Amino acid sequence: MADETPASFRAQYATIDAKLDAGVAGADRAQVKAEIVGLFKTLEAQIAELSQLKDDIKLLVDKWKAQQAATGVQAPEFQGEKPVVHADHIGASTFIEKGWSRLSLGDYEGAEKALLKAIELSPGDPQSEALLGWAQMLQEKYDDALMNFQKVLMREPANALARINVGYICLKKQIFGEAIEHLSKAIRLDNDRKATLYAHFYLGLVYLEREMYEDAQTFFQKTLNLGPNLIEAYYELGRAFWFNEEREEARATWAKGHATNKFNPWGKKCAETLALVDSGGELTRG
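Residues in the sequence shown are numbered consecutively from 1, following the UniProt record's numbering.
It should be emphasised that the hints constitute simulated quantities derived from the structure, not laboratory data. Note that the structure is a prediction, hence the values are computed from the model and not measured. Careful, some of the hints might be misleading.
What the hints assert, rightly or not - Using 20 Å as the maximum straight-line C-alpha spacing, the simulated PhoX-like pairs for lysine-lysine come out as follows: (1) K222 with K194; (2) K222 with K185; (3) K173 with K151; (4) K117 with K141; (5) K268 with K256; (6) K172 with K141; (7) K98 with K54; (8) K141 with K151; (9) K19 with K33; (10) K185 with K151; (11) K173 with K141; (12) K113 with K151; (13) K113 with K141; (14) K185 with K172; (15) K222 with K256; (16) K173 with K185; (17) K113 with K98; (18) K117 with K172; (19) K98 with K117.
Turn these sequences into a full structure, and let the hints guide you.
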């Protein structure tokens, strides 16, 4: 990438602008034209390089997210579609788009700030409230996130993604009855494939927490039928088998989870857990 900065481009622009203001003699016109064209082409090339760098940074975000996996129960990954916003005289749409972009990049704190501004400019906007709930949930600000998702559900009871997020938050807060209620309703709605998948997975976790192992197994198995690439479901299904004294089934499940994706953090955790129990190590319930 060229060693240029916005300030240097502005300086070149100002130099050319001053020449034009002073008046350019016929003999110098070709030179000034060449300077303008050269400045434009250089800037255009740098914009292209910066655009590519921006895409590459997104890959770094994905790598970071992958390394955070397998360290505990994961919230639903934010994959929301870019919001359709319209120009408005108060500027709320600018902050909605900024919030969505920050969420996509994993900058949850930045997303929260932008979305709070959007709601300040346009109170009660359901799109802003839903995105703000995501930003807060992914920062583990569960009470604030719960309030915003509940606002969304009051207006849109069939919003399955908002409902599974409420279920996830209730799981994390160990409010199991409400978690079951919201997650079961998301399954009945069955209007969003991702929501249905995570609803089954989180219900499995609820029953695993409550030591209802056969129910947990049922929901983890349904999860894998819906999404065979959700490798953490293999890990948790193995735990449900293990704690139910079905040790060979647990070993087979962890082996399959690792074989399904050896490079996934949860696939690696399946292999590590299998090695642990095979060596006589103790599997904790936490």
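Taking the numbered hints from earlier one at a time, note which ones the structure violates and give those numbers from smallest to largest. 18
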